[in-house]
Structure formats: structure tokens, C-alpha cells
Amino acid sequence: MYELIKRVDFSKKRNNPEKDYLKKLFIEWLNRNYPDVNTVDTYFSDAIFIGNNPSLGLDIVEIISDEDEGRTNYHRALVKHFESKGWNSALVHSRAEEYLKRLDQLKEFLVDYEKNK
1 MYELIKRVDF SKKRNNPEKD YLKKLFIEWL NRNYPDVNTV DTYFSDAIFI
51 GNNPSLGLDI VEIISDEDEG RTNYHRALVK HFESKGWNSA LVHSRAEEYL
101 KRLDQLKEFL VDYEKNK
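Read in order, the letters of the sequence shown are residues 1 to 117 in this note's numbering.
Rather than coming from a laboratory, the hints here were simulated on the basis of the structure. One thing to keep in mind: the hints can contain errors.
Claimed, not checked - Taking CB as the label site, the calculated pair distances span: (1) Ser-89 <-> Leu-25: 31 to 37 angstroms; (2) Asn-16 <-> Gly-86: 28 to 34 angstroms; (3) Gly-86 <-> Lys-115: 24 to 30 angstroms; (4) Leu-91 <-> Asp-20: 15 to 21 angstroms; (5) Val-111 <-> Glu-83: 18 to 24 angstroms; (6) Asp-20 <-> Glu-62: 32 to 38 angstroms; (7) Asp-112 <-> Asn-88: 32 to 38 angstroms; (8) Glu-69 <-> Asn-31: 17 to 23 angstroms; (9) Ser-65 <-> Thr-39: 34 to 40 angstroms; (10) Ser-55 <-> Tyr-2: 18 to 24 angstroms.
Claimed, not checked - Quick list of in silico lysine to any residue cross-link-like pairs, SDA-like style, CA-CA up to 25 angstroms: (11) Lys-24 <-> Lys-85; (12) Lys-107 <-> Gly-86; (13) Lys-117 <-> Leu-56.
In this text the structure is predicted, and so the values were computed from the model without any measurement. Idealized CB from N, CA, C, for every residue including glycine.
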């Protein structure tokens with residue numbers, strides 16, 4: 001499961017055709033399944049942002065593979081990251097929920113991709 005995302009080297013910031021392809025497929029999927037979502041470039045980046053932040057010790061494949069603990073660790077890392085920006089608690093938790101929603105949609109996309117390939 002999640003073979004598509006496992007092939008992507010997220011440490012490469014530029015010239016990353018695998019990441020660009022994954023992003024393209026995800027945005028196309030969002031447009032079909034969630035047409036009300038504004039699929040600006042940052043939407044994909046937000047979905048994987050914390051999950052591939054080595055300073056927080058998280059890995060996106062581990063996060064999406066482990067339904068409970070992965071999501072909990074991701075949420076905890078989001079809160080920690082947003083608190084470090086000096087944001088108030090309401091904004092921190094609101095933003096963390098937005099990112100969790102994006103992560104859930106990314107997981108849903110990956111499951112659909114595996115079923116339909």
C-alpha cells in the first residue's frame with residue numbers, strides 16, 4: 001500500500017519529477033472528488049509538510065500507514081510547530097485541523113490510486 005508515495009524522494013526540493021507527478025495526480029483527484037477545494041500549489045505541500053520534516057522526526061509514509069499513532073504523532077507535531085510561531089491556541093488548533101484534513105484527503109487519494117491502477 002502507498003507505493004506511489006514511497007517512490008518519491010521528498011528531500012529533493014527541485015527537479016523532482018516523481019513529486020511533481022504525485023502532486024499533479026493528487027490535484028486532479030481533488031478536482032474530481034472535492035471540487036470545492038482550492039487546489040493552489042500549497043495544498044499539496046501542506047498535506048505533506050510536517051510529515052517530511054526531519055527535525056520533527058516524522059516520515060509521511062509512516063504517518064499514513066499507521067492509522068492511529070501516525071495521525072496522533074502528526075497532530076502533535078503540527079501543534080508543536082504552530083505553537084513555535086507564537087500563535088494563540090485557537091489558531092494553532094484550527095490550523096492543525098486543516099492540515100489533518102489535507103492529510104486525510106491525501107490518504108484517501110492514495111487508497112483510490114492503489115485500487116484503480
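Now for the hints, and whether the structure bears them out:
1. Ser-89 <-> Leu-25: 31 to 37 angstroms: Given range 31 to 37 angstroms: holds, Cβ gap about 36 angstroms.
2. Asn-16 <-> Gly-86: 28 to 34 angstroms: Distance hint for Asn-16, Gly-86 holds at roughly 32 angstroms.
3. Gly-86 <-> Lys-115: 24 to 30 angstroms: Once the Cβ atoms are compared, 43 angstroms apart, the range 24 to 30 angstroms for Lys-115 and Gly-86 is violated.
4. Leu-91 <-> Asp-20: 15 to 21 angstroms: violated (31 angstroms)
5. Val-111 <-> Glu-83: 18 to 24 angstroms: violated (31 angstroms)
6. Asp-20 <-> Glu-62: 32 to 38 angstroms: Violated, since Asp-20 and Glu-62 (Cβ atoms, about 23 angstroms apart) do not stay within the stated range.
7. Asp-112 <-> Asn-88: 32 to 38 angstroms: holds (36 angstroms)
8. Glu-69 <-> Asn-31: 17 to 23 angstroms: With a Cβ separation near 31 angstroms, Glu-69 and Asn-31 fall outside 17 to 23 angstroms, so the hint is violated.
9. Ser-65 <-> Thr-39: 34 to 40 angstroms: violated (25 angstroms)
10. Ser-55 <-> Tyr-2: 18 to 24 angstroms: Given range 18 to 24 angstroms: holds, Cβ gap about 23 angstroms.
11. Lys-24 <-> Lys-85: Status violated; Cα separation ~30 angstroms.
12. Lys-107 <-> Gly-86: violated (30 angstroms)
13. Lys-117 <-> Leu-56: The hint is violated at about 33 angstroms.
Violated hints for the displayed structure, listed by number in ascending order: 3, 4, 5, 6, 8, 9, 11, 12 and 13.
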